[in-house]
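Kindly produce the complete structure, drawing on both the sequences and the hints.
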Amino acid sequence: MINIVYRLKSPKFFEESIDEVELDGVIVRPTHLSICQADQRYYQGSRPANILDEKLPMAIIHEAIGEVVFDSEGNLKSGDRVVMIPNTPFGEDVYSPNYSYNSKFRGSGFDGFTSDLINLSPDRVVKIPDDFNLNVSAFIELISVAYQGISKFKQMAITPKDKLGVWGDGNLGFITTLLLKDLFPESKVMVFGKHQENLNLFSFADEIYRIHDVDDDVVVDHAFECVGSSASQSAIEQIIDIINPQGTINLFGVSEYPVPINTRMVLEKGLTIQGNSRSDRVDFVGVVETLKQNPQLFEHLEKLITNVCEINSLSDLKEAFDKDYISKFGKTILKWNI
Amino acid sequence: MIFAAILAGGIGSRMGGTDTPKQFLELGSKPVIIHTIEKFVINDNIDEIIVLTPKNFINHTNHLIDKYIPNHKNIVVIEGGKTRNDTIMNSISYIEENHGIDEESIIITHDSVRPFLTHRIIEDNIEAAKKYGACDTVIPATDTIVESINAETIESIPVRDYYYQGQTPQSFNIKKLFNLINSLTEEESNILTDACKIFVLKDEDVHLVEGEVTNIKITYPYDLKLANTILEDIHD
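These protein sequence lines map, in sequence, to chains A and B. In this text, residue positions in the first sequence follow the working numbering: the first is 7, and each later residue adds one. In this text, residue positions in the second sequence follow the working numbering: the first is 2, and each later residue adds one.
The set of hints was computed from the structure by calculation and includes no laboratory data. Hints are supplied without guarantee of correctness; some may be wrong.
[Said to hold, decoys possible] So, partial list: chain A residues that the calculated Cβ filter (under 10 Å) puts toward chain B:
1) Ile8
2) Ile10
3) Glu22
4) Ile24
5) Asp25
6) Leu29
7) Arg35
8) Ser78
9) Lys83
10) Gly85
11) Leu123
12) Trp342
13) Ile344
All residues carry an ideal CB built from backbone N, CA and C; glycine is no exception.
Here it is in structure tokens:
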């Protein structure tokens, strides 16, 4: 079947294109999409030129939900709402699919979700209940990244988890804090950020600190870095300073540049640094279950939504990206009507 | 019920030096008509797909459907008519004989040579046909429209904002369409090449559904070549 795909041809320029898809697996019509920083970096052209040359044209956006149109195996009904998993493993591997060389990621290694229809293998969709908030569900993928990192942290941390520190007052910091509060109700979750107006929204956190105003006696057992870019350096430096010995540092923030780390103190304190990127089916299922069990989380997550844009044309899509770019905080949701 | 009529009656006189009607030429890995039918096969709202072809292509079309859409159900291939409206009437007669015509049923009529149709357009057609009784898929005209009666000089240049280019699907309440076609005089029948025009002539509203620039009709060899080139580019 012919499918119409809306690809980013070059920075700030989308075009319609055609692709051929097979009538097997699950075919989904995207309904709600969400813009991620990674999409914005392609759109703005802030990735290195050789990367842009290699990857574009490509449909971007890897956070989305949709409605099942067709399932060749008949397990899902037409109209079922599903969240789509962008990470797509190819072949067997000893590594987790989200870290495997054999996996491709939508909106990075191949076309993302801006198209008329999406063809996925049955294990790349997870059904969501009808009563889920659809705008929040659009960014379940982002929530699953935090969930994935926290699951790994659970397996790795050997010291007490009384004080958990989250660095970063952006979307991922917000979500990580919220999930930690839910998954570790006995722990004290402390947020370290720069922007007071963002920090004010973290009402569910136990303690909030401005990064330039942290007393000498403040300590954490484990840390979650959700800062990224060049600011990662100062965040990691502060984490190493105040983390207790044998703690874990869970890195989530993406930086285009190499970040120097004070390895002397990492050695001295016996710290473990764990990298986190993307997620896989088990994390999506975990997030959907968590949201089912704790519907009150939607109320908090809804606070992250700063723009909801109706997308009826490629110029609407462009406008939504521009709007998202000037929003300092929060998520831009695209209601996909093209 | 919701029916889709895939109009494949044309013999493609503009397609150049090929004897095969354009709907049977290959686009990517399958014939054009198969791509078009697949768009309706995946739509669960559609109860039956009626493919209308020239008589000598009925068997061929059936073979293609069996080959490319092996587990299909609710696809039937019947003979089209001489004109577009005759072909649509054949599909309505088929529906009348096999299902009867009720007040609610609608028919989505679509050119077999428009395989780039989107799922969204089909959904919008269903909604509009149910709600308004008739709809046409259009895109705003981008070129200036020039009217000339004698093919030598300009008669007028209408305001472009009011003009649209017609695509398909065109979708209708079947009973309404059936009654309107039957009410036409012979003279009217001869000039009405487009089903929507019948509604307009009889003062019935036809709702506009937004099409897509990509929803082109494969008319000339160039169209097919271009589409195949784009597909090959992606698969490289």
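The hints, checked one at a time:
Evaluation of the isoleucine 8 (chain A) hint against chain B yields a held restraint, the C-beta minimum of about 5 Å falling below 10 Å. Given hint, isoleucine 10 (chain A) at the interface with chain B, holds; its Cβ is 5 Å from that chain's nearest Cβ, closer than 10 Å. Because the beta carbon of glutamate 22 (chain A) sits about 5 Å from the nearest beta carbon in chain B, less than 10 Å, this interface hint is met. Of the supplied interface hints, the one on isoleucine 24 (chain A) holds, with its beta-carbon coming within about 5 Å of a beta-carbon of chain B, less than 10 Å.
Interface hint status for aspartate 25 (chain A): upheld, as the beta-carbon distance to the closest one in chain B is roughly 6 Å, under 10 Å. Below 10 Å, beta-carbon pairs count as interface contacts, and leucine 29 (chain A) has one with chain B at about 6 Å; its hint therefore holds. The interface hint given for arginine 35 (chain A) is met, as the beta carbon of that residue sits about 5 Å from the closest beta carbon of chain B, less than 10 Å. For serine 78 (chain A), the interface hint holds, the least distance from its beta-carbon to any beta-carbon of chain B being 8 Å, beneath 10 Å.
Restraint check, lysine 83 (chain A) versus chain B: the minimum CB separation of about 8 Å is within 10 Å; hint holds. Because the beta carbon of glycine 85 (chain A) sits about 7 Å from the nearest beta carbon in chain B, less than 10 Å, this interface hint is met. Taken as an interface hint, leucine 123 (chain A) checks out: its beta carbon lies about 5 Å from the nearest beta carbon of chain B, inside 10 Å. Interface hint status for tryptophan 342 (chain A): upheld, as the beta-carbon distance to the closest one in chain B is roughly 9 Å, under 10 Å.
Here the hint on isoleucine 344 (chain A) is kept, as its CB sits about 7 Å from the closest CB of chain B, short of 10 Å.
The structure fails none of the hints (numbered hints given earlier).
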